[in-house]
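Enquirer: Sequence:
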Amino acid sequence: MLPERALVLGLARSGEAAALALARRGVAVVGVDRRKDLDGGRLRAAGVEVVLGADDPELLDGMDLLVKSPGIPAEAPLVAAARERGLTVWSEVELGHRLLGNPILGITGTNGKTTTSELLGEVFRAAGKPVAVAGNVGRPLTGLDGTLAEDAWIVCELSSFQLEDIEAFRPRVAILLNLTPDHLDRHASLEEYRAAKLRIFENQGPDDVAVVPRGFEEIPGSARRVEFDPQDELPAEPLVPGEHNRENAAAATAAARAAGISDDAIAQALRTFEGVPHRLELVGEVGGIRFVNDSKATNPEAAGRALSAYPPGIRLILGGSRKLSSYSSLAREASARGVAKAYLIGEAADEIAEALAGAGVRFADSGTLEQAVADAFADAEPGEVVLLSPACASYDQFRDFEERGERFRDLVAAL
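Throughout the sequence shown, residue numbering follows my numbering, covering 503 to 917 in sequence.
Everything labelled a hint here was simulated from the structure, so no lab data went into it.
Hints should not be assumed to be uniformly reliable.
What the hints assert, rightly or not - Derived Cβ-Cβ restraints for the label pairs, each shown as a range:
hint: 1; residue 1: Ser-828; residue 2: Gly-790; range: 34 to 40 Å
hint: 2; residue 1: Asp-566; residue 2: Asp-734; range: 42 to 48 Å
hint: 3; residue 1: Pro-722; residue 2: Leu-917; range: 32 to 38 Å
hint: 4; residue 1: Gly-815; residue 2: Pro-559; range: 18 to 24 Å
hint: 5; residue 1: Ser-724; residue 2: Ala-859; range: 46 to 52 Å
hint: 6; residue 1: Gln-733; residue 2: Asp-867; range: 21 to 27 Å
hint: 7; residue 1: Gly-815; residue 2: Ala-514; range: 38 to 44 Å
hint: 8; residue 1: Gly-573; residue 2: Glu-735; range: 21 to 27 Å
Positions of the beta carbon are idealized from the N, C-alpha and C atoms, including for glycine.
Modelling step: build the complete structure from the supplied sequences, incorporating the hints.
Expert: Next comes the structure, spelled out in structure tokens:
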């Protein structure tokens, strides 16, 4: 049952898709965004009332529901006011789940979500089964409303921000890839972050499947538990390099089997899947030096995993905006993996420098990505890898990790 009136807070991709989906269903929608220069023409054309640059609690008057975009924190004035009024608050994926009757294969974890989601999309396509890949990967779940056959599966990447405001969201198959500290600038504690991630399982029943790392703790819900390990025997070895990608492949294999996919189709996808942009993406080779874009590595654990994909001698570009992360373990990993030198950028450079110095890893304070690429290229020898794996978010110098990765690609092309 959908509400008569709804407020959608945050009108980026997922918020716009949610507002349009509700409007198509005859719901009276008010879309609110703090940006005053947002172009809301498409929403207005669909009958959505667009309010920009305001967060007055009176906007909630007469509303039955608030749909919150994942970028909006729980402390935002309108969200807090909605909860004080006892108003229902849903994430965009909760709304999408209620609009769509398709089976969902949900994927969460700290690292590897996008790669595993896209890999599973390839697995379903190899098996000749209709599938859509959506969620945190870039295409909003609500954007699929009215576009899919009833028997199509949805592979849905889920962040902690999307999961913290679910109510009835229930994947037929749910994967937790891994769990390490992240987003502590948004979540009050590691425990709160963990609890948000584990919500992916809470509404699952006995006919559903929960895929978790071998030996992982007890999880909520009552799904059948299936465990995986990076060392599991696979139908084929994955084409994409790195120990972490074998972990992703093991989780994807377990989930695909739970969804009824044959090992032949899984093997075909593993042999041909080339990975995703901004994840260990080879963007060029100049003078025998390979340049690899891993801009999607926005936390220290992701950067540490990337180091395992290449031999010693890596020229590592690190840094960006702060996320209250510790860089000590990454520094130790860089030392153990024989990183030749790190080139630091962004506002977290001082913290990373302190950790690297403690681990005996050489580094230079390059400041900007442009200078880091120039410095690394000047130092590198043929056969070495210059790896952008920042271990940080990008918001100090770039709009997002994608813009950062594209800038790196352009800088390499200019060499």
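Enquirer: Give a verdict on every hint.
Expert: We went through each hint and held it up to the structure:
Checked against the given bound of 34 to 40 Å, the beta carbons of Ser-828 and Gly-790, roughly 35 Å apart, stay inside it. A beta carbon spacing of about 47 Å between Asp-566 and Asp-734 agrees with the range 42 to 48 Å that was offered as a hint. At roughly 50 Å, the beta carbons of Pro-722 and Leu-917 sit outside the given window of 32 to 38 Å. At roughly 57 Å, the beta-carbon separation of Gly-815 and Pro-559 lies outside the given 18 to 24 Å, and the hint is violated.
At roughly 49 Å, the beta carbons of Ser-724 and Ala-859 sit within the given window of 46 to 52 Å. Roughly 39 Å separates the CB atoms of Gln-733 and Asp-867, a value that falls outside the hinted 21 to 27 Å. Remark: the range hint 38 to 44 Å for Gly-815 to Ala-514 is upheld by a beta-carbon distance near 40 Å. Range check, Gly-573 to Glu-735: about 40 Å between beta-carbon atoms, so the 21 to 27 Å window is missed.
In this structure, the hints that do not hold are numbers 3, 4, 6, 8, in rising order.
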